[in-house]
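> Assemble the whole structure, with the sequences as input and the hints as a guide.
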Amino acid sequence: MKQIRIVLWLALIAAFAAFIAMNADTARVNFWPYGAGYLHFDWPVGFVALVFFLAGFVPPWAAGRLRRWRLKRRIATLESSLVSQAGAFPATDAASDAAQTDIHP
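Residue numbers for the sequence shown, in UniProt numbering: 1 to 105.
Watch out, some of these pointers could steer you wrong.
Claimed, not checked - Quick list of the computed label-pair ranges, beta carbon to beta carbon:
#, residue 1, residue 2, range
1, Arg-65, Phe-41, 22 to 32 Å
2, Val-58, Gln-3, 22 to 32 Å
3, Leu-10, Arg-65, 18 to 28 Å
4, Arg-73, Met-1, 46 to 56 Å
5, Thr-77, Arg-28, 27 to 37 Å
6, Ile-13, Ile-75, 31 to 41 Å
7, Gly-35, Trp-61, 33 to 43 Å
If you are wondering where the hints come from, they were derived from the structure by calculation, not from laboratory data. We put the beta carbon where it would ideally sit given N, CA and C, even for glycine.
Dropping the structure here:
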């Protein structure tokens, strides 16, 4: 399974590298208006696309990782409280429970 994951990551990186290489033309990106014009940078189109892809991908990914971390922490807390409560009650034998519940007339 790990080899498949590595191959998929390498294919994704190769696709991004090819996309950036094929779109090497520069594009003017306006960031902030000032004075008579804009603060702008001339960046390659592929780099701009990659930056905006990451800007849209990273926040949901980080939110999902944070939620997963919180749920794992909550599960660990609940499991530890369950283990601590299990020691507070004496263990019962199934045969003695069955004997107590049988009512003979």
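> For every hint, state whether the structure bears it out.
Tested hints:
Under the hint 22 to 32 Å, the C-beta atoms of Arg-65 and Phe-41, about 31 Å apart, fit the expected range. Distance hint check for Val-58 and Gln-3: the Cβ-Cβ separation is about 26 Å, which falls inside the suggested range of 22 to 32 Å. Taking the beta carbon of each, Leu-10 and Arg-65 are about 23 Å apart, inside 18 to 28 Å as hinted. As the Cβ distance of Arg-73 to Met-1 is approximately 26 Å, the hint placing it in 46 to 56 Å is violated.
For Thr-77 and Arg-28, the Cβ-Cβ distance of about 52 Å falls outside the hinted range of 27 to 37 Å, so the restraint is violated. In this structure, Ile-13 and Ile-75 meet the distance hint of 31 to 41 Å, their C-beta atoms being roughly 34 Å apart. In this structure the supplied range 33 to 43 Å holds for Gly-35 paired with Trp-61, their Cβ-Cβ distance being about 38 Å.
Checked against the numbered hints given earlier, this structure breaks hints 4, 5; the rest are met.
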